[in-house]
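Engineer: In case you want the letters, here they are:
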Amino acid sequence: MNVTYLDAIREAQAKALAQDERVFLYGQDIAGFGGAFKATKRLAEEFPGRVLDSPISEDAMVGLAIGAAIDGMRPIIEMQFADFSSLAFNQIVNQAGTHFYRTGVPVPFVIRLPSGGNKGSGPFHSQSLESLYAHFPGLVVLMPATVEDAYTMLLDAVQLDDPVIFCEHKLLYYHLKAEKLPTESLPIGKARIARAGTHATVVTASAMMHEALKAANQLAEESWDIEVVDLRSAKPIDTDTILASVARTGRILCVAESFPWGGLNAEVIARVVGEGFHLLDAPPLRLNSRDTPIPYHPNLWAAHRPTAASITTALRKLLGF
Amino acid sequence: MLLARVLEDKLASLYRSGKIVGGVYLGRGQEAFSAALAVHLDQSGGDVYAPLIRDMAGRLAFGEALIDPIRTYLGSPLGPMRGRDGNIHRGRPREGMLAMISHLGAMVSVVNGVLLSRRLRGIPGQVGAACVGDGATSTGAFHEAMNQAAVEKLPLVVAVANNQFAYSTPNDRQYACADLVDRAAGYGVMGYRCDGTDLEECLDTFGEAVRRARRGDGPQLVVGSLLRLSGHGEHDDASYVPASVRKSSLGGDCIELAAKLLLERGWADDADLATWRSEAVGQVEEVLEQVVSEPLPDPMGETWCALSVRHLCEGNLGA
Numbered sequence: 002m003n004v005t006y007l008d009a010i011r012e013a014q015a016k017a018l019a020q021d022e023r024v025f026l027y028g029q030d031i032a033g034f035g036g037a038f039k040a041t042k043r044l045a046e047e048f049p050g051r052v053l054d055s056p057i058s059e060d061a062m063v064g065l066a067i068g069a070a071i072d073g074m075r076p077i078i079e080m081q082f083a084d085f086s087s088l089a090f091n092q093i094v095n096q097a098g099t100h101f102y103r104t105g106v107p108v109p110f111v112i113r114l115p116s117g118g119n120k121g122s123g124p125f126h127s128q129s130l131e132s133l134y135a136h137f138p139g140l141v142v143l144m145p146a147t148v149e150d151a152y153t154m155l156l157d158a159v160q161l162d163d164p165v166i167f168c169e170h171k172l173l174y175y176h177l178k179a180e181k182l183p184t185e186s187l188p189i190g191k192a193r194i195a196r197a198g199t200h201a202t203v204v205t206a207s208a209m210m211h212e213a214l215k216a217a218n219q220l221a222e223e224s225w226d227i228e229v230v231d232l233r234s235a236k237p238i239d240t241d242t243i244l245a246s247v248a249r250t251g252r253i254l255c256v257a258e259s260f261p262w263g264g265l266n267a268e269v270i271a272r273v274v275g276e277g278f279h280l281l282d283a284p285p286l287r288l289n290s291r292d293t294p295i296p297y298h299p300n301l302w303a304a305h306r307p308t309a310a311s312i313t314t315a316l317r318k319l320l321g322f
Numbered sequence: 022m023l024l025a026r027v028l029e030d031k032l033a034s035l036y037r038s039g040k041i042v043g044g045v046y047l048g049r050g051q052e053a054f055s056a057a058l059a060v061h062l063d064q065s066g067g068d069v070y071a072p073l074i075r076d077m078a079g080r081l082a083f084g085e086a087l088i089d090p091i092r093t094y095l096g097s098p099l100g101p102m103r104g105r106d107g108n109i110h111r112g113r114p115r116e117g118m119l120a121m122i123s124h125l126g127a128m129v130s131v132v133n134g135v136l137l138s139r140r141l142r143g144i145p146g147q148v149g150a151a152c153v154g155d156g157a158t159s160t161g162a163f164h165e166a167m168n169q170a171a172v173e174k175l176p177l178v179v180a181v182a183n184n185q186f187a188y189s190t191p192n193d194r195q196y197a198c199a200d201l202v203d204r205a206a207g208y209g210v211m212g213y214r215c216d217g218t219d220l221e222e223c224l225d226t227f228g229e230a231v232r233r234a235r236r237g238d239g240p241q242l243v244v245g246s247l248l249r250l251s252g253h254g255e256h257d258d259a260s261y262v263p264a265s266v267r268k269s270s271l272g273g274d275c276i277e278l279a280a281k282l283l284l285e286r287g288w289a290d291d292a293d294l295a296t297w298r299s300e301a302v303g304q305v306e307e308v309l310e311q312v313v314s315e316p317l318p319d320p321m322g323e324t325w326c327a328l329s330v331r332h333l334c335e336g337n338l339g340a
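Chains A and Z are the protein sequences, given in the same order. Be aware that the first sequence starts at 2, since it is given in my numbering, and climbs by one per residue. Be aware that the second sequence starts at 22, since it is given in my numbering, and climbs by one per residue.
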């Protein structure tokens, strides 16, 4: 049996609906149609009345989830694309993010954000917004890179008592496969050593983790031994695992698909420099997408985001110090 | 209504003497419209209420203890917001009173969520109410939530206190329709208009709206015309309100008008009114005396954690 990353997300939602009557799904085109990416295929039939189409009202979708969560439910909201969550920004950061701190009442719900670029998706269907949401207090921001994590982290997210921004990568939906669904996983908030190495550390997440592994394999042919840390969670950041890796390698490159100004890469490097400066044998580097809107044509898009090739180039620079 | 007026007069004087930080926002002139909705809600029966900035009267009518607004305005760690939020941004969500955020229109969809939850849980007969002003009707959040409630046919009552000015902006710069109640037809919901200075009319209108929502007729939109008899906050002298508007019927004081009605009908006399006022003053003074003697928030005792799952708070990872 082959399970894709998208299957894993679908199956996690099916399991969440089956095992917890507080769970319901709300989003655009997710009921009979099964969602723009089919992440909720047939769930409306299997769980009548619990998979609901919403109007095109991102603000009200999240507001409704917050109200239901206050009342004891565990909603999962599907944003059709991560990019459209900007329309719900106020509810996410000002209502959901502040609610527990202000009132002492948690708001457990999950917003699924189909994130990241794809050929031809252009400026408004390609964004990676984890850094934006991680900036605000009161939110947990997850970024599964594997089929296994897509499944277990989504189930864990539903059971978490706080709002979770679940950044799933569209590029991984159909192509990333595993033999079966996992039965156990690392806890939320823990990073994973995706590839052990000794010469340099790449800290990354989501689809970029796979680009980083390709770069590491390429450099392995030249006897460079690259460690790849899959963050899994943008907030919290597992600083301990990162520092332990840098202690082994002395070199760090952070890779993310999000825009370059500030953000997850900058945060990781700030922590490494602040807490592990003595561990560094070279200046820390980062690689992001370019500081322009995400371009439409595949030729431009391929040069806009980090790739195995650009990661390899950056690693050569890092190893050359 | 009277208790709200007396309490807010006291809060205003505490603000002017520097004992309240941030701001004080009064519902003066809007007490009848505010309370008339809330008295038709059943807090213990599970109704949910999302008051806004000028709903002290509604909050008290819904069942808020007098000590909650006083503790919140003074930032007491014993209040519902524990000094973490202040003034009108208070609530007890588990007891049906949602804690508003400042962003207008944002609470309506949250009420929708509670109501959808009740439906999914198979709990019938409970209603939700959300309060906004004329300004909030211009927001996308208000529009999305009204439409959402209509699509789901939720038992929602929305009270629009049309007090003619959003801060200083007059209605002719806020909307171009003849009457805000016309919006109801666009959403496919029931609309009502009432004189927001007339307690009896407000009570009748909200009584009908809540009854219809409760029996399953879907969302109800009630627009009350009135005037805020104060500034936006106590820092604002409302000099932008023309004298002609102040002197119009919109500028009537709903508490004075209600008192007049009671006297005319023989339901109370001057002595009763004086007694009620002095009792309200006594209650406010007593609670205030208690709250000012309570401890202040202590930064050293703060969790500084915005998540309920403590070990995921940044800085506590692995702890």
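Please note: incorrect hints may appear among the correct ones.
Quick list of in silico lysine-lysine cross-link-like pairs, DSBU-like style, CA-CA up to 30 Å [claimed, not checked]: (1) A/Lys215 x A/Lys39; (2) A/Lys39 x Z/Lys40; (3) A/Lys42 x Z/Lys174.
By construction, these hints were calculated from the structure, which means they are not laboratory data.
Engineer: Now, for every hint given, state plainly whether the structure supports it.
Structural biologist: Hints, one by one, checked against the model:
Of the pairs offered as hints, the one joining A/Lys215 and A/Lys39 holds, with about 28 Å between alpha carbons and a cut-off of 30 Å not exceeded. For a cut-off of 30 Å, the pair hint linking A/Lys39 to Z/Lys40 is broken: about 57 Å separates their Cα positions. Simply put, A/Lys42 and Z/Lys174 have alpha-carbon atoms about 26 Å apart, close enough for the 30 Å limit, and the pair holds.
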